[in-house]
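Trainee: With the sequences and hints as input, model every part of the structure.
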Amino acid sequence: MTATTPDSPRRQGLAALTLAAIGVVYGDIGTSPLYTVKEIFAPHTGVPLDAAHLVGAVSAIFWALMLVVTLKYVVLILRADNHGEGGGLALTALAARAVADRPGARQLLLLLGVFGATLFYGDSVITPAISVLGAMEGLELVTPVLKPYVVPATLAILVGLFLMQRFGTAVVGRFFGPVIVIWFLVLGATGVWHISQQPTILAALNPLRAWEFLSGRGWHVFAAVGAIVLALTGAEALYADMGHFGRRPIQIAWTGLVLPSLALNYLGQGALLMGNPSAIENPFYRLFPDAWVLPALGLATLAAIIASQAVISGAYSMTKQAIQLGFLPRMRVRYTSAREIGQIYMPGVNWALLAGVIAVVLHFGSSSALASAYGIAVTLTMMITTVLTYFVVRHGWSLPAPVAIGATSFFLCLDALLVAGCAIKFFEGGWFPLALGTSLFVVMSTWRRGRQLLMESIRRDGLSLREFVDGLDPRGFPRAQRTAVYAVADPETVPQALLHNLKHNQVLHERNVILTVQFRDEPWVPMEERVTVEAMGHGFWQVRVNYGFMNAPDVPKALELAASHGLAVPLFETSYFLSRETVVPSPGGGMAHWREKLFATMSQNAGGVVEFFRLPGNAVVELGTRVPI
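Quick note, the sequence shown lines up with residues 1 to 629 if you use the numbering used here.
Source of the hints: derived by calculation from the structure; they are not laboratory data.
Glycine included, each C-beta is placed from N, C-alpha and C at the ideal position.
There is no bait here: all hints are sound.
Label pairs and their computed distance ranges (CB to CB): (1) Ala52 with Arg102: 49 to 59 Å; (2) Leu146 with Ala489: 48 to 58 Å; (3) Ser564 with Ala156: 47 to 57 Å.
Mentor: Put into structure tokens, the structure is as follows:
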């Protein structure tokens with residue numbers, strides 16, 4: 001499967017792609033007006049609720065959107081595409097490839113990028129919770145009697161959303177764009193109405209008002225920044241979804257609809273609070289007349305569900321990429337669409353996210369409380385993205401050092417300010433996404449290091465495949481008139497499954513294929529590069545199947561391509577022999593003993609090779625072996 005299949009979204013028209021991008025890419029940042037302004041003027045920030053501070057706060061939001069989202073992501077980072085793909089792991093692979101001649105720097109960038117990816121999972125837990133909670137809090141304005149039902153209603157919606165994941169998003173996805181377009185039009189229209197009532201709020205467009213607001217806060221500026229950053233959540237989605245929609249539709253959607261609508265709504269909330277400071281209890285819903293609150297609640301709920309769906313799907317995609325880049329064990333992947341390979345469902349990830357979302361909703365109980373936990377993971381990810389972008393600009397694009405430093409240092413300073421603003425919320429809930437990300441980073445780095453140690457052990461104790469084949473007596477064993485495919489991680493050593501087959505069955509097959517599947521650090525591998533075949537003699541062939549980390553692996557289909565290289569692998573005359581290694585932790589190895597035990601546990605519970613590579617289950621033979629590390 002190449003990057004651009006006949007059914008690929010890239011073949012659709014620009015207008016259709018732009019509409020789809022609005023629905024998927026901007027759902028998260030589009031729901032930020034539900035809670036951002038309220039949090040800036042929350043009691044713990046110490047920001048007075050008066051006209052001067054309202055203008056300054058709205059100005060800070062507007063210019064944060066301009067500098068961080070527009071200038072950094074839309075103008076600069078969207079140019080750093082990895083064969084058309086974006087996102088944390090794609091950028092990591094691009095930066096690591098840019099310093100391929102320096103192994104130490106490459107390894108460091110890989111680990112840094114993986115840590116940034118793990119922080120995304122914290123966002124995947126918090127975004128559904130805060131978005132749906134923020135929408136459901138409108139029930140309190142319909143009637144105070146409904147306040148006790150905010151959390152139960154939130155949980156019911158979220159549980160239903162996660163339960164529906166196994167059916168795929170193909171049908172629902174068609175409605176994402178139109179619903180979010182209506183949402184942004186409503187955001188803009190309500191903003192325009194209130195701006196017309198208090199046009200003095202337009203002074204917020206002056207960047208000096210943002211500077212005066214921030215500099216006048218003194219050390220309390222970090223509390224204000226920690227709330228302002230809520231307006232930027234979802235910015236990473238612009239880059240992460242580039243492979244699905246392309247750069248131009250994402251840029252057009254942002255500049256043509258999303259940015260103007262968000263700016264108008266934040267200006268409108270500021271204008272509302274100028275005339276009615278008591279609306280601070282929920283400035284978003286107070287933008288609407290009382291009779292319109294219920295329809296606004298319904299629309300906000302739909303927008304929150306769409307925002308949640310985007311990060312859930314993103315978590316599936318991120319996990320699949322991490323597996324194929326060698327940072328996580330195999331997990332069960334279900335493809336929910338026969339047309340779009342990007343639409344997947346991962347049951348293990350789904351239920352883990354649901355458990356996390358339920359836990360944070362019950363623990364925090366309100367969008368205001370969750371805002372304390374929100375932001376620190378996002379801003380750290382933004383900072384890591386900036387660091388990786390420097391290496392791409394400097395070493396990948398070969399631009400002069402002053403240009404590369406100038407292009408990224410300004411954004412790095414902004415990122416540092418945002419991280420500092422969120423860091424003060426550490427003990428109020430900011431610890432949660434950091435703890436989750438750190439735990440996942442330990443798991444992912446342990447798996448990668450464990451696989452390296454496992455391969456070293458196999459090479460150290462294994463037999464050389466070339467020597468084995470060259471010394472083979474063709475008449476030494478009976479030959480079964482079938483094809484045997486031995487899937488191995490190391491193509492230079494004799495597969496353990498082959499040795500077991502010889503030992504127990506005293507037979508060789510007529511054709512023996514030593515198969516290695518390799519995932520490159522690029523998103524797509526075209527069909528013409530998918531398979532390489534080398535004849536070794538005596539009925540042995542080495543076959544390497546190459547995939548990108550966005551490709552969907554299908555080994556039998558890939559082996560059909562071997563026919564053009566002189567090797568026929570008949571579907572109904574082929575058996576697949578797999579070695580299932582039982583990892584035995586041993587003292588004095590390359591990892592701490594507890595990490596070896598963790599790796600052994602993950603290895604034991606890893607998903608099956610059969611499902612992951614789409615092997616025919618009735619043609620697979622698994623043989624076990626113990627490997628000490």
